[in-house]
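Student: What follows is each chain in one-letter form.
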Amino acid sequence: MKRSLGAILFFVVAVAAWEAACRARLWSPVLVPSPDSVAQYLWASLLDGTLLSAAAVTMKRLLLGYAFGIALGLPLGLLTARFKLLNDTLGLIALGLQTLPSVCWVPLALLWFGQTESAMFFVVVMGTLWSVIIATDNGVRNVPPIFSRAARTMGSKGLHTWLHVMLPASLPFVVSGMKQGWAFAWRSLMAAEIYVTILSGFGLGHLLHYGRELNAMEQVIAIMLVIIGIGLLADKVLFSPWERYLHRRWGTARN
Amino acid sequence: MTLQSELRNETPSKLSVRNVSKRFRSGARVTQALGDVSLDVGEGEFVCLVGPSGCGKSTLLNIIAGFEEADSGTVLTDGQPITGPGRDRMVMFQEPALFPWLDVLDNVLFGLKLKPGLTPAERLEVARFYLQLVGLEKFAKAYIHELSGGMKQRVTLARALAPNPRVLLMDEPFAALDALSREQLYGDLQRIWAERRKTIVFVTHNVREAACLGDRVLLFSPNPGRIREQFTVDLPRPRDINSVSLATHATEIMRALKSHDATAAQEVAE
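Going line by line, the protein sequences match chains A and B. The opening position of the first sequence corresponds to residue 0 in numbering that gives the first Met the number 0, with each subsequent residue numbered one higher. The opening position of the second sequence corresponds to residue 0 in numbering that gives the first Met the number 0, with each subsequent residue numbered one higher.
Bound-form chain A, shown alone (with noise of 0.2 Å):
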């Protein structure tokens, strides 16, 4: 309680001296906006409802690329840890494309599906996959042997082994692998969105770039926060429940 006291004051206070900076004219109103034109601009945009459509299309754009790319890399890690072939092939590709900055794919996608929806699909599948690959490659990997031949003593074998031992032993890996593919995924979709104009949707990526066209700096900063809070909200509503699980399970919790 008294912790989140200290954070509220924190924010008073940095947002109060925004506002007294701005009205004592220390900077170009055109340059830095005063918290309350941001506000004013976010209410606004609530109300005529700009603001909720675009967070809901990039919303849908990322959750369901995120989803098909985790769908897709948690098997393929699984099977580049079980087959040699397999982890000299397709893991090397992981491995290498996972270094590519996956704003990197946009022009590709442009190519290849045009200013589309399966476009942006395509770039956050990219973003996600090759972490998840070799997140979920590299969890197998650190799964004690003794856990396998124990579960082996036990009459478990094949799939079995696979699903109730090998996948749940590198949930930490995996976890952390999903993690690093919101990211990706998040940040190469914004910039996907401010790059190209997608004429199914208008997403937030978009309404910040009309935001800089338009000059419209108070625009700019409101649509950069609600993309923080919705990074924060990802943070703490997709991954911090399955963290806290883990650290549960696992005895890695600090207290």
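Source of the hints: derived by calculation from the structure; they are not laboratory data. C-beta: ideal position from N, C-alpha, C; glycine also. Mixed in with the good hints there might be a few duds.
[To be verified] A few chain A residues that face chain B, going by a derived Cβ cut-off under 7 Å, partial list only: (1) GLY154; (2) PRO167; (3) GLY250.
[Said to hold, decoys possible] Coverage of chain B stretches by chain A, computed from C-beta distances (three or more under 8 Å per stretch; other residues unrestricted): (4) 108-122; (5) 140-154.
Given chain A's structure and the hints, the job is docking chain B onto it.
Tutor: Here is chain B on its own, set in the frame of chain A:
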């Protein structure tokens, strides 16, 4: 299958190891881990394999467990050759190998869920029975990392016993524990062995531990791994690791172990 029949003691198996050899190759070096080892373990007998590290005792255990294949020779349980790991022969390792994503009860249930013919309620009852046997029924819902080393090995023991195996293979299961937990487990293991009648093959490098637990102690020597000598320990049970009569037996075994070591060193020198 009913709960009663599941909890009934299985007849322990008779193990026969016939002329088993095993070689390991690492690069150009070939190690004869086991050279023509034969041994019989009677039904419900507790046999300890003792020897310096690298004498092949763990290799033999892994072959009996079905993790590794012998280059030549066979291992029979009740006359049937071993083809791989099986729940009639459960293994306990030096590290607990408990699954951290499952709680204590679910760890014990893991093997039971793979055993056909039991309803979920029966499985639960069997698991609780064995947790009680090792004195951990209060910790059914605890996470693995919350347990001490000794408690972890108790859970491992419960997990190994739960599918009602006929043979228990133990590879230095108490080596990593502190002295106090170890002494408690010596008592527990002897009590459980008397109650549940299992054939036990127990690998250790601790001579005193072997004398405390085993009906028979087999002394291994390396290069190639083979059985050099065997000792019958006919002290009454339960045995106390600190008793004088036990120490006498242990000293005798230790003396033999040292003399073999000296001979081996001499052989290498020549």
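Student: Each hint should be assessed against the structure and marked as holding or not.
Tutor: Hint check:
For GLY154 (chain A), the interface hint holds, the least distance from its beta-carbon to any beta-carbon of chain B being 4 Å, beneath 7 Å. Of the supplied interface hints, the one on PRO167 (chain A) holds, with its beta-carbon coming within about 4 Å of a beta-carbon of chain B, less than 7 Å. Interface hint at GLY250 (chain A): satisfied, since its Cβ lies 3 Å from the closest Cβ of chain B, which is below the 7 Å cut-off. With 4 residues bearing a CB less than 8 Å from a CB of chain A, the segment 108-122 of chain B meets the requirement of three and the coverage assertion stands.
With 4 residues bearing a CB less than 8 Å from a CB of chain A, the segment 140-154 of chain B meets the requirement of three and the coverage assertion stands.
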